[in-house]
Structure formats: structure tokens, C-alpha cells
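Undergrad: Quick mapping for you: the protein sequence lines, in order, are chains A and B.
Okay, so the first sequence: first residue is 9 according to my numbering, each after it adds one.
Okay, so the second sequence: first residue is 9 according to my numbering, each after it adds one.
It should be emphasised that the hints constitute simulated quantities derived from the structure, not laboratory data.
For clarity, every value in this text was computed on a predicted model and none was experimentally measured.
Not one of these hints is a red herring.
The list cannot tell twin chains apart, which means a pair is met if one copy fits it or any two copies do.
Using 30 Å as the maximum straight-line C-alpha spacing, the simulated DSBU-like pairs for lysine-lysine come out as follows: (1) LYS417 <-> LYS186; (2) LYS250 <-> LYS186; (3) LYS323 <-> LYS417; (4) LYS227 <-> LYS214; (5) LYS227 <-> LYS181; (6) LYS250 <-> LYS13; (7) LYS81 <-> LYS250; (8) LYS13 <-> LYS400; (9) LYS254 <-> LYS13; (10) LYS250 <-> LYS417; (11) LYS400 <-> LYS250; (12) LYS417 <-> LYS81; (13) LYS128 <-> LYS214.
Number of protein chains: 2
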Amino acid sequence: MQGLKAILLICDGMGDRPVPELGARTPLEAANNINMNTLALQGECGIMDPIAPGIRPGSDTSHLSILGYDPYKAYTGRGPFEAAGIGMDVRKGDIALRCNFSTVDESMVIVDRRAGRIEKGTDQLAALVNGMQIEDVTAFFKESVAHRGALVLRGPGLGAAVTDADPHEVGAKVHESKPIDPNDQASAKTARIVNEFVRRSYQLLKDHPVNKQREAEGKALANIILPRGAGVAPHVESFEEKYHLKGAAVVETGLIGGIAVYLGMDIVEASGATGGLDSDLMSMGRSVLKALENHSFVLCNLKGPDVAGHDGQAKAKVEVIERIDAVVGMLMQEVDPLTYIVLTADHSTPISVMDHSGDPVPIAIWGPDVRVDSIQAYDERSVIGGGLVRIKGTDVMPTLTNLLGTQEKFGA
Amino acid sequence: MQGLKAILLICDGMGDRPVPELGARTPLEAANNINMNTLALQGECGIMDPIAPGIRPGSDTSHLSILGYDPYKAYTGRGPFEAAGIGMDVRKGDIALRCNFSTVDESMVIVDRRAGRIEKGTDQLAALVNGMQIEDVTAFFKESVAHRGALVLRGPGLGAAVTDADPHEVGAKVHESKPIDPNDQASAKTARIVNEFVRRSYQLLKDHPVNKQREAEGKALANIILPRGAGVAPHVESFEEKYHLKGAAVVETGLIGGIAVYLGMDIVEASGATGGLDSDLMSMGRSVLKALENHSFVLCNLKGPDVAGHDGQAKAKVEVIERIDAVVGMLMQEVDPLTYIVLTADHSTPISVMDHSGDPVPIAIWGPDVRVDSIQAYDERSVIGGGLVRIKGTDVMPTLTNLLGTQEKFGA
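Chain A extracted, bound-state conformation (with noise of 0.2 Å):
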């Protein structure tokens, strides 16, 4: 059929365990989640394990299996997400970084890890570094949000397996990267730049009128930058080269922001969108009804249930959760009868566990044409039997576009 489109909605960290504080139920289960039972009831359910049964994602990986990309290929590490997230231009066999802005004192031992959480200055500062040669490679850096930066080292032979500079606590000395196997020339090599890029960006940055200004206000100096977390820059075929599809990503974390960017989807802002529980869940819903518009898919991840879960507040959870379902329900009222939603978590973050842990989560297909089941409600427990059964991550996207009609036939 013409005019198919998709919205997958991923509620992050969603699935959760038997809670005793809610009388052995889930926050799914807990919840008053109608909208969500009557997508279940009107669409096909079952579970779905974001990588594999019991193996622990993080939002990274888990996001990448759900799009169809197999997280043991495509996933070397943060670095390179994080980068394209905040607008680099990142290139298969790039080397990227994740970097502070730190203080150190002259002995180079660590004062604040996060320059007292500097708020401005920060593009003045990354366009003292970025750029710069150092032997046959060009170091580009670029800032983030606050302290947060991202480094991308591009040149002949370098390798990803490199400790960090950045020594992780205050009081020690910035560490000098080395090759994680000394017999590594590639990584030896990329370890050589990043301890060069470190030393020069101390040189570079200690006399900058931002830090002046910031001792003179008593405030903590950004006169180094730390790289940490060596990863290289996979090569993925991009989701519209995959799929056919045009897709764009409404998401509230620059981690998932820089997936969905890595992969070459748009981006569309939701005001009011905090990564945090006082998130403004129906200004995201309606950002997905807008990109709607000029997209044929439409990702959407909402931070808030992983929130409460690492924070164990199982209360504050079921709170989400129902806020959450208002958004379902907006949007099975407001969509063209011609597009599916997935409703689906990318993992569970129990109350118990404070963390991600591998329990399967549930998942809900609804739209033209599907094989409606008998399950009728959307948690943990109520979708087993349904007719999706149990599935994978990278199940999710062939199931998608075999009923949108996009996906080309293996054989004859």
C-alpha cells in the first residue's frame, strides 16, 4: 500500500520486575495504561529481548538491534555515536573520543574532572584545538553541552585499543594513553596523538581570556581537555539506504540523538524535552506528528521510565508510565489510519536492580493489515502468547517493513 508510515516509540528502560512497594506488579502492570492495553488489544503482541535472552543492554546497542543494526558489528564504543551527536562529521576508521574539559595544576594532577561544570566558553576554547596536525593526523574537536566534549582523530593507520588520558578521579595525574597491546602499532599510534592533543591543548588553553575571566570570578578553569573512550567509527549503511525509508528521530539524550544522527536520520526538536522525569511528553508526541509529515518513519525515545529506574522510585515510574500513555493515546487518535505504531521498550531498568538488566520487554504492533492476537493488555506478563511470541531487536525492522511493503523479496 502507498503512504505506509511507521512511528517506533521506545520507552527507555520500561520493563521492569515484580515490585513488592506495588503488590508484586510491575509499573506496567501497576499502571493505568489504557491507551497502551488498547493498542495491545487491537494490535499483536509478545516479547522481545533487545539483543539476545538475558544479555543486559545498554540504550546504545539496544537502539542500534532495534533498528536492525547487530550491535556486536556496529558498536566500538560511544566515541563515534557521541561525535556524530553533536554535528561532527564522522568517517568509517575514524578514531573518536569522548573528552572533558578538566582543571589541572601545574603538575597536571587533577583538580575538577568537569571545570566546574563550565557553562560558557567552551566554542572558544574548542576552536583553539580543533583542527590542529599532529604528525600525518588532523585532531577535530568540537564541544557538547557543559564540560562534555567529543575528539575525532582521521589519518593512516590508527587503531581504537588505547587507554584513557583522563584518569577518572581528582588528585591524580593525567594518565598518558597507551596502546592496550604494546605490540599494537595502529593503537600505539593513535595513543602518541591523543597524549600530544592533551599536552597541547593544556598549552593552548591555560592563558585563553575564558579562563582569565574565570579566575578572576573564582571559578575552576577549563585549561585541559581528557579523551576518554577510544572507539572507531563503524561502517553502517545508512537506515535510508537500508530500509528505504525516510527516517527522522524525536529523542530527549544526546546518546540516542547520536545514534539516530550516525545512521544519517533527522532530528526533530521537541521544546521542553529534558532527558529528565518534568520532560514534556506531549510536546515529543507532537514533534512525531510533525516529522510525520516528511517522513515515512519516525523513531521516538522517551527517557523518563529508565529515569525512575535508576533512581529506584517505583512510584515515580508508574507516574511516567501513565504519562507515557496519555502521549499512545494521542497519537493512535491523531495518526493517518495508514501508519503502524510500535510500541516496545529498549530495555528493562528494574526497581530492584537500579540499573539495565536483560529481562525481555514487552512489544505491540498496531495498524492496517496485522494479525491481530488475543492479548489484551501491554506488560510484561499479559502479552505472552501473543503472536509475535518471542522475538529479537533485530526481528523488530523486518517485521516492520514486511507489512509497510519496503522490504525487497529474498529469491524468487
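Fit chain B to the given chain A structure using the hints.
TA: Frame of chain A; chain B shown alone:
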């Protein structure tokens, strides 16, 4: 147990989606298929992804998968199976191409791609070009039904990544076959051989008495042979080597017959098997029983549901399913009690899609010693919750040979 045998009954394209015309039931759900339901009731059921969840199979890739051959390794295109299906000797590494006898004018422009759908004399024309030596390559050619034929190239250093000589349209000039990658020497050699084969076919065919007579009768000449769809013949273990089962196939299309022959199975003919909706399915069922007399495994592909699906004819699909149901009933009654019947489909061909889709298909295994489950009807949704849960095509033969007792133990 001694004497265990199996029938693998593949109802082509039988899976579907809810059809409005049938009251939101699938054709299987709407059909009066009491024998299939009895088989499900007495057997073990589940849902099957012929290749993987959501993946849209061809009938060829799906049959390979269900017969236990990974189609991502064993499938390189239709050529090799097509050639095997018409009785040609195809060996690992051979390049096989599908061909048409066509009509060209003197400047090599296509007048008729199918040479007036020539019915007679292609065996004489084939004899002219078969066994031709070009460079160090031997070109084997055999005619098939009507204007069709297959070309097998055998020699050192050949590649399959070449473009078609067949321009696929009337009024176009015969194309020169070219390597897809100009640096691919092996495929460049194949292209050279193909072009020379085409050139010589014109020289040999144009004045042959068969064409002289066609000219006299005002019929389109079969004055050139145009190859397309090159594929390298894959190495596959024969069905008998792999499973220690003597296999036969009762089929009604060349595509599936070719796969069976390629795997070393015997073809058992059925009178009245047409590949259309008028096919004599009961005759095919009787051929299955006959094949069981001296084979331990019989594959039977019934094409009807796929034909009705491609045509978008819901009622015709229901009717042909009911005719298959009668065959299922006959087989359940007639087979030796030591016989398994596996009832499934190679893919869905939904009425709403009018082409193959990636929706999974029902499967039921009936016979001695199976873990009979609680499923009471055979259709896409009734089998959910069965003992087989959700399996892949490549799981079928291990599951079956486990029951047949012909599978070796892996480990101690």
C-alpha cells in the same frame, strides 16, 4: 524405530493476513479444513519463520531453508537450480544462466523475446549449440519448456557477477554482457564467453531448417539464445548425505523441482499436476504415497494457494485450501502408522499484498511419539501457543530427523 518415514507437505504461499472479505479471517481460518485441524489436534504445532522473522522469502530460498540449507550460503540465484531442474549436470563452480530463445532482426534488435512462444524444435536448435567450446570453457545448453532453456558454463576462472545479454524489452538491441565490477577478471571472462555464445547462437540458429519452416509458416524465428540471471553453482551436501534419508519430491513447478534435483532427490511425477488452480491435487497425493514405497522422505509442494494469493482471490484461496485439506485427510488415512506428516507453507502470499510476504506460517507435526499439545485448529493464529512455539525454516529438518531417529548425536 525402524521404518519411520516422513512427508513434508509445503502448501505454497498458504499463510495470509486477516481478509476483510472473509470477515477479518485469513483464508485458512475461513476454510473448512477439518483434516488439517485434526492433524493439528493430534500433533504438535507452532508458528514458523521460513527464513527469519519478517524476512520475505522466495519459494526457492524458503524451500532451501526448510530443507535445512542456509539460503544465505546456498542460494546464488535461480540459474543453477533451473538448470538442474531440466536434467542438466551442474557441478560446483559452474556458472548457470537462464535463457530464452528469442527473435532478433539483422541488426540484433529484439523482435520477440519469446520467439513466438515456440513449442517444437527447440531440442534440435539446442543440439547445435550444446557442448560448444569457447576459449577453455565448455558451454552446455539444454532446452526447457516452450522458449526457455538453460546454459551451464564449465571451465577455470569464471565469475557470476555479469550483466544480462537479454535486454528484457522488445525494440532494444541485444546487450553485451559485462562484468559488474570492471576489475573482476573472473566475471569479465564469463561475460566474454556469454557474448561469444550469443553471437554464435545467432550464426548457428538463423538458417536452421526449424527456422526455415517457422518462416514459411509466418512464425517468429528462434534465431538467437539470450542468457540472463547468472549464478555460480553452490556446493551443497546432498539431501541423502546430510540426513541419511532417501528423498523424493512431488512438485508442480520447475523452480522447486530444480531445487529437489539439485539436492539429489528423485522426482516422482503426478499426472494432472499443472501448477495452476486446476491442478489435480489428489493425483499429487497419490504420487506421494507411491514415492513413500521406496523413499523415506517425500517433499510435496502444492502451488495453488500461492497462485490464488498472487491473484488476490480470497475465495479461490479458500477453495484450494479445502482441496488440499482433502489430500491431507487422504494421506492421514492411507499412510503407514510409522509415517510423519509435517504440514506447513513456504511463505505467506497475502490477498492484500498479492506477493510473498514475511509473515510467519503455521506448522504442525503429526506422527508417532510427538509431544501432542493443546492446539485444536490449523491456521495462522490458532497455532500460537503450540509446543513448537516459534521456529525457523532451518529448524524443521533437525526437528524431524530427531523424531525419525536418523540424526547423529552431537557430543557424548
